[in-house]
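Could you build the full structure based on these sequences and the hints that come with them?
Going line by line, the protein sequences match chains A and B.
One rule links them: number in the numbering used here = place in the first sequence (from 1) + 41.
One rule links them: number in the numbering used here = place in the second sequence (from 1) + 41.
Keep in mind the hints are simulated off the structure, nothing from the lab.
Careful, some of the hints might be misleading.
Identical copies go unnamed one by one, so any copy, or any two together, can satisfy a pair.
Each computed DSS-like pair below joins lysine-lysine, with the alpha-carbon atoms no more than 30 Å apart [to be verified]:
1. 229 x 114
2. 229 x 313
3. 299 x 314
4. 314 x 114
5. 289 x 223
6. 223 x 313
Number of protein chains: 2
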Amino acid sequence: MITLAVDCMGGDHGPQVTLAACRRFLEAHEDAQLLLVGQLPQVQALSHARAHAVAASEVVAMDDSVEVALRRKKDSSMRVAIEQVKHGAAHAAVSAGNTGALMATARYVLKTLEGIDRPAIATQIPNARGGATTVLDLGANVDCSAENLLQFAIMGSALVAVLKGEPRPSVGLLNVGEEAIKGSELIKQAAELLRAAGARGDLNFIGNVEGNDIFRGAADIVVCDGFVGNVALKTIEGLASMIGGFMKEEFSRNIFTKFAAIVAYPVLSALKKRMDHRRYNGAALLGLRGLVFKSHGSADALAFEQALVRAYDAARNDLLAQVRAQVARAAPLLAAAETALETTASPGL
Amino acid sequence: MITLAVDCMGGDHGPQVTLAACRRFLEAHEDAQLLLVGQLPQVQALSHARAHAVAASEVVAMDDSVEVALRRKKDSSMRVAIEQVKHGAAHAAVSAGNTGALMATARYVLKTLEGIDRPAIATQIPNARGGATTVLDLGANVDCSAENLLQFAIMGSALVAVLKGEPRPSVGLLNVGEEAIKGSELIKQAAELLRAAGARGDLNFIGNVEGNDIFRGAADIVVCDGFVGNVALKTIEGLASMIGGFMKEEFSRNIFTKFAAIVAYPVLSALKKRMDHRRYNGAALLGLRGLVFKSHGSADALAFEQALVRAYDAARNDLLAQVRAQVARAAPLLAAAETALETTASPGL
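Listed below in structure tokens is the structure:
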């Protein structure tokens, strides 16, 4: 039996969406049970033999700062859900709450894995091959070192291996060109580390990739620092939303275009389904001593259910043990990198 | 009379496209003349009273390295076009050649303006408001300082002021959140400089913007380092091309979807026109002692003509003098920033 702790209060819509998703999830997964964390009696609205309400008196708002979430809302549904994982009452926690607060709380409550300096956020972006490219980091770390990028690559590989059953997923380093001489100093250092890890067999590193390669599906995993990843993700969201808006406007311009929309409806809905980011909802917080998944704040029931499914799959396939094992396997390389970089940074000491 | 020097050999298609664009441009601009730079007799194929062939024996290939372009192809069409600007024979140069070679050659031949450490590449990205957002830097500088970002903001403001007749265009700093406390150390430093420039009246700085704000049109100008800008631009191109590919596939799936495509044709072509990046072709190389515009390598005649129009507009409105004046006006601030940063970097000296 897999147990997930669900922050039912988080996200733009709260229990209305999360409880509907929980019901659908339970119906489809007979070996799963859910801890519905949140304010009573709200979370008790879902009555199911495999759903159990867990009381949490506070709610982290979507615009609460990390400080407010950590210091002033110690009994928040987000935190109580994560604590279920820490205490072994749940295999994974899922929340649609605000990203900064979720990462900070998860890190505070669960701590990072040995050998990992910074946890990262990994999400899936649909690609032209009909699958999805896993991209990390998506905003948890704005000032990264080359070693951090290597750690992200290792954790991302474990994630994709577990969730897609791909034993040696390919890793690309996001850069401004494919040639090894391109990029910032940081990226060049990271590329060297990744090549070394590839040579040792710790990673399937395929080299530099560019922004458009995310959509070409050139690599299973694309590694970047959190600043670049966040900008890329928000740029993608912005463009997709602009195109969607333009399509709506053009098809509703007059009686003729509305007729065209009716005729084209099956095509447009196939297109919409194909581009549907809800199918890929559920970002993994990697590098912690426990599994936490983050749903998009604006998720509807279908999207939130996907995040639950991803957490369930990760728990069933013991993602945590996989990440731990891969990090341990790469530990000598990470230690060597650290020493090398320290030597470079302070040549006189 | 405005004179443009055109690298007719550059780009994926060479003279076939560039000469067609030159003819259309000349027909629409009676006070312009063109220097058609390239191999003879190819560039002589266009015969027009206001077009003059200028011989250049070599061509920089799209995959030539900067070294090859600079050292081994000293008589390239790209270089000769830029030299026309240096020697005062042309007001601006336009090339669809490879970006790295073009920037390096332009920098070598023309040198940077006083007070500018690094030239930048500024392009326009269509936004939901029906206009375009100017984004810089797009890849010329992968390791930037906070001062570089301030210089980009100043040069971008001059560009938009001149090309759009907007006297105080708004400037946003690309970041991972709107709050001032967000971002990498570099971005926080840059934000401080930009705020100081805003307070002095040198800039209309509106604060941090996020990736999706490029498409919302939240700021006239979005400033970022070249690494982030390049990733964002290529990500945009990748997503747009994937969506375009999906649409083609879905509409050509079977006889019914093909019928739908015919009915929806006017809507789809309106949509295509609206999203048409060709209308925004022509990136400015800013910070040099001369005007150089870069066309997309894959530009067709319509797109290349747009790049010519942008160079023409820039020359007619004396963009160079505007950039020079704005940089001079902000010189005290730049000098102060340099001193402040040097002091921070070496506290003991």
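Cross-check of the supplied hints:
In this assembly of identical chains, the alpha carbons of residue 229 and residue 114 lie at most 30 Å apart only when taken from different copies (28 Å versus 42 Å within one copy). For the homomeric pair residue 229 and residue 313, neither the shortest alpha-carbon distance inside one copy (39 Å) nor that between copies (39 Å) is at most 30 Å. When the C-alpha separation of residue 299 and residue 314 is checked against a cutoff of 30 Å, the pair qualifies both within a copy, at 20 Å, and between copies, at 19 Å. For a Cα distance limit of 30 Å, the shortest separation of residue 314 from residue 114 qualifies neither inside one copy, at 39 Å, nor across copies, at 51 Å.
Neither within a single protomer nor between protomers do residue 289 and residue 223 lie at most 30 Å apart by alpha-carbon distance, with minima of 40 Å and 34 Å respectively. Taking identical chains as interchangeable, the C-alpha atoms of residue 223 and residue 313 are never at most 30 Å apart, the minima being 37 Å within one chain and 34 Å between chains.
The earlier numbered hints that this structure contradicts are 2, 4, 5 and 6.
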